[in-house]
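Peer 1: Quick note, the sequences are listed as chains S and L, same order.
Position in the first sequence (first residue = 1) + 925 = the working numbering.
Position in the second sequence (first residue = 1) + 32 = the working numbering.
Please keep in mind that the hints were generated in silico from the structure rather than gathered at the bench.
Glycine included, each C-beta is placed from N, C-alpha and C at the ideal position.
Don't take every hint at face value.
Straight-line distance between alpha carbons at most 30 angstroms, and here's what the computed DSS-like set of lysine-lysine pairs gives [as the list claims (entries may be wrong)]: (1) K68/L <-> K1175/S; (2) K1441/S <-> K1429/S; (3) K1429/S <-> K89/L; (4) K40/L <-> K1042/S; (5) K68/L <-> K1200/S; (6) K1258/S <-> K40/L; (7) K1322/S <-> K977/S; (8) K1217/S <-> K940/S; (9) K40/L <-> K1414/S; (10) K1099/S <-> K977/S; (11) K55/L <-> K40/L; (12) K1175/S <-> K936/S; (13) K1400/S <-> K1322/S; (14) K1099/S <-> K40/L; (15) K1217/S <-> K1414/S; (16) K89/L <-> K1042/S; (17) K1400/S <-> K40/L; (18) K1414/S <-> K117/L; (19) K55/L <-> K1349/S; (20) K1371/S <-> K68/L; (21) K118/L <-> K1414/S; (22) K1441/S <-> K53/L; (23) K40/L <-> K1247/S; (24) K1349/S <-> K40/L; (25) K1349/S <-> K1434/S; (26) K1400/S <-> K115/L; (27) K1371/S <-> K40/L; (28) K68/L <-> K1349/S; (29) K1400/S <-> K118/L; (30) K40/L <-> K1441/S.
Covered stretches of chain S (in silico footprint by chain L; criterion: 3 or more residues with CB under 8 angstroms from a CB of chain L, positions within the stretch not fixed) [as the list claims (entries may be wrong)]: (31) 1153-1162; (32) 1284-1294; (33) 1400-1414.
Taking beta-carbon pairs under 8 angstroms as the criterion, some of the chain L residues facing chain S (in silico) [said to hold, decoys possible]: (34) T37; (35) Q59; (36) T61; (37) Q63; (38) E64; (39) K68; (40) I77.
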Amino acid sequence: MAYLLQQLLSKSAKKYPGKEAVWGRGRSITYRELDERSNQLAHLLRKQGVSKGDRVGLFFPKCVESVISMLAVLKAGGVYVPVDPQAPADRVGYIIGNCGIRVLITDHEMRQLLSPKTLAIVDCCVSTDQAENGHSSMIPWSQLAEFPADHAPNVPSIETDLAYILYTSGSTGKPKGVMVTHRNALTFVEWCAEEFQVHSQDRLSNHAPLHFDLSVFDVYNALEAGATVYLITEELSLFPTSLAAFIQEKEITIWYSVPSALTLLLLHARLTPEKLGSIRTILFAGEVLPMKYLRQLAEIAPKADLYNLYGPTETNVCTYYKVERERLAGMEKLPIGIACANTEAFAVTDDGRIAGVGESGELHVRGPAVTYGYWADVEKTRKMVVPNHFQENFEEKMYRTGDLVTLNEDGNFYFQGRRDSMIKSRGYRIELGEIESALLSHPGVKEAAVLAIPDEVVGNRIRAVVSLNVPDSLKPLDLQQHCSAKVPKYMLPELIELCEELPKTSTGKIDRDRLKEAAAALPMA
Amino acid sequence: MIQTTEVKEQIRQYVLEEIAKTKGINQITDQEVLTKNGIIDSMGIFRLVSYLEDTFKIRVGDEEITHDNLQCIDAIERLVISKSKKSLAGN
């Protein structure tokens, strides 16, 4: 039994050496090549000083080298940190500084985006560029050839060591790094392997970016089964008809994405059952898929098993619902389902009891999938990863999801809403407070409120209402540009409205309900 | 008859003001790939298509919403010109 993620690769490389493991940007590598390249890169990383527990950043657009790098870092005993290639330089710099990345795997184009301050933190950059272009400060990919390919460095990692850190939006204005161990990830991967019966003939899509936890299934369940994972680039995912053609051409058998990607396909790709003919399983997670689109999906993919997966990055997927086709016609709301194997999920009522049937409460999760918490943030970790006081005989931790759920008579949990101001848009977790901090950091801004307007296709659209210290001193575009240097593009408000003063409640707080009503009434572009 | 220079100027204006600037990008060349680095997102693509349809009185089919047709200002101009010629020929 594997207890480290890289052991999934070793097993499949022995069993299926010549089989295609990863396809991306028109290139593919076999299991043997993936094993050998990652061995070589692991040795190179060790030579550059990477030792057990060291964080190594991955900062380049998704390609075959991404998967090689992830495995190489693990083989070197390190912890990989996929950094959003589209994030603004400030945010990239913050992440690199926050978890102390000294070795960065990147390419020449991406490296140029880093500020001198960020580059000063990093001791060494390894370039993924296939062609050398004489950039002396980076270690060229071709140097891999100088290292042994037939074995990985001998590093005695254990399953409770960190494997990777994924940064998500933080309410105080800075992203927070969720620390994931080998055991956390494997608990999820093992459950998926069993539930979805992934086999070596499967062809998995990878739609999500690699800094997004949905990608863990795509990559590691493909490796576990000896299957092939097809990396879908951001460019391709923008064009529904091209994406549908890709699914058909590559004969994808298991699809996993956020619901909004499926909705775009349903609305604009002119799907037919033939186009999706190869797909046997469709998984979606990250936000709520509206029932009308789920019904359309069930019709256009009549033979596929459809699953709604649920879980914050801090627990991986922790509950799931396999769509019962016979219930679809009369179903009003899609459940998030029941706990995955080796995971326990329960709702805790406001008065501190475990919710029974028909009751609501905050969903709590315990089990080996629950992560340690946030890198270098003890305070935030303590708030979310809390002692399980239902366990009287020994000390144990559980994770508070912040999600309010109801346990229905059908035995399923149903998502009701959030306890805080975190929202989802296109499946991304967004703390509205992070955007507000970005706006308020402009010296000309007096007050700012960021609002989420529910939208059937993308989940939520973001609008902001701002008042200025000096009226008319700034234009909405100035503020948009200011924010774009601080938060990722998917977090930028679509519209920033200026007003003299934000409306207040009787207690003097910003009246968000009134703002939301007014914003929802405005036409969407 | 549509003037090509005018078409390009209008496309440039829209791409710069409505897409690039809102993402903090103040300059954009005619060849710069908009689909790279998240300059344009999926909603942006469909807004751009609606703009092209309304402004140039053309109809862009779902199957024409592709990377090749919309990847940069030059490509968008080619799409608009070819669509306008077709619609003129159709009249």
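Peer 1: Would you mind marking each hint as holding or not holding in the structure?
Peer 2: Now for the hints, and whether the structure bears them out:
no.: 1; hint: K68/L <-> K1175/S; verdict: 23 angstroms, holds
no.: 2; hint: K1441/S <-> K1429/S; verdict: 13 angstroms, holds
no.: 3; hint: K1429/S <-> K89/L; verdict: 45 angstroms, violated
no.: 4; hint: K40/L <-> K1042/S; verdict: 39 angstroms, violated
no.: 5; hint: K68/L <-> K1200/S; verdict: 27 angstroms, holds
no.: 6; hint: K1258/S <-> K40/L; verdict: 47 angstroms, violated
no.: 7; hint: K1322/S <-> K977/S; verdict: 25 angstroms, holds
no.: 8; hint: K1217/S <-> K940/S; verdict: 43 angstroms, violated
no.: 9; hint: K40/L <-> K1414/S; verdict: 26 angstroms, holds
no.: 10; hint: K1099/S <-> K977/S; verdict: 27 angstroms, holds
no.: 11; hint: K55/L <-> K40/L; verdict: 21 angstroms, holds
no.: 12; hint: K1175/S <-> K936/S; verdict: 25 angstroms, holds
no.: 13; hint: K1400/S <-> K1322/S; verdict: 48 angstroms, violated
no.: 14; hint: K1099/S <-> K40/L; verdict: 40 angstroms, violated
no.: 15; hint: K1217/S <-> K1414/S; verdict: 28 angstroms, holds
no.: 16; hint: K89/L <-> K1042/S; verdict: 49 angstroms, violated
no.: 17; hint: K1400/S <-> K40/L; verdict: 26 angstroms, holds
no.: 18; hint: K1414/S <-> K117/L; verdict: 36 angstroms, violated
no.: 19; hint: K55/L <-> K1349/S; verdict: 20 angstroms, holds
no.: 20; hint: K1371/S <-> K68/L; verdict: 34 angstroms, violated
no.: 21; hint: K118/L <-> K1414/S; verdict: 36 angstroms, violated
no.: 22; hint: K1441/S <-> K53/L; verdict: 25 angstroms, holds
no.: 23; hint: K40/L <-> K1247/S; verdict: 50 angstroms, violated
no.: 24; hint: K1349/S <-> K40/L; verdict: 36 angstroms, violated
no.: 25; hint: K1349/S <-> K1434/S; verdict: 24 angstroms, holds
no.: 26; hint: K1400/S <-> K115/L; verdict: 36 angstroms, violated
no.: 27; hint: K1371/S <-> K40/L; verdict: 39 angstroms, violated
no.: 28; hint: K68/L <-> K1349/S; verdict: 23 angstroms, holds
no.: 29; hint: K1400/S <-> K118/L; verdict: 40 angstroms, violated
no.: 30; hint: K40/L <-> K1441/S; verdict: 38 angstroms, violated
no.: 31; hint: 1153-1162; verdict: holds (count 4)
no.: 32; hint: 1284-1294; verdict: violated (count 0)
no.: 33; hint: 1400-1414; verdict: holds (count 8)
no.: 34; hint: T37; verdict: 26 angstroms, violated
no.: 35; hint: Q59; verdict: 12 angstroms, violated
no.: 36; hint: T61; verdict: 16 angstroms, violated
no.: 37; hint: Q63; verdict: 15 angstroms, violated
no.: 38; hint: E64; verdict: 13 angstroms, violated
no.: 39; hint: K68; verdict: 7 angstroms, holds
no.: 40; hint: I77; verdict: 6 angstroms, holds
Comparing the model with each earlier hint shows violations of hints 3, 4, 6, 8, 13, 14, 16, 18, 20, 21, 23, 24, 26, 27, 29, 30, 32, 34, 35, 36, 37 and 38; every other hint is respected.
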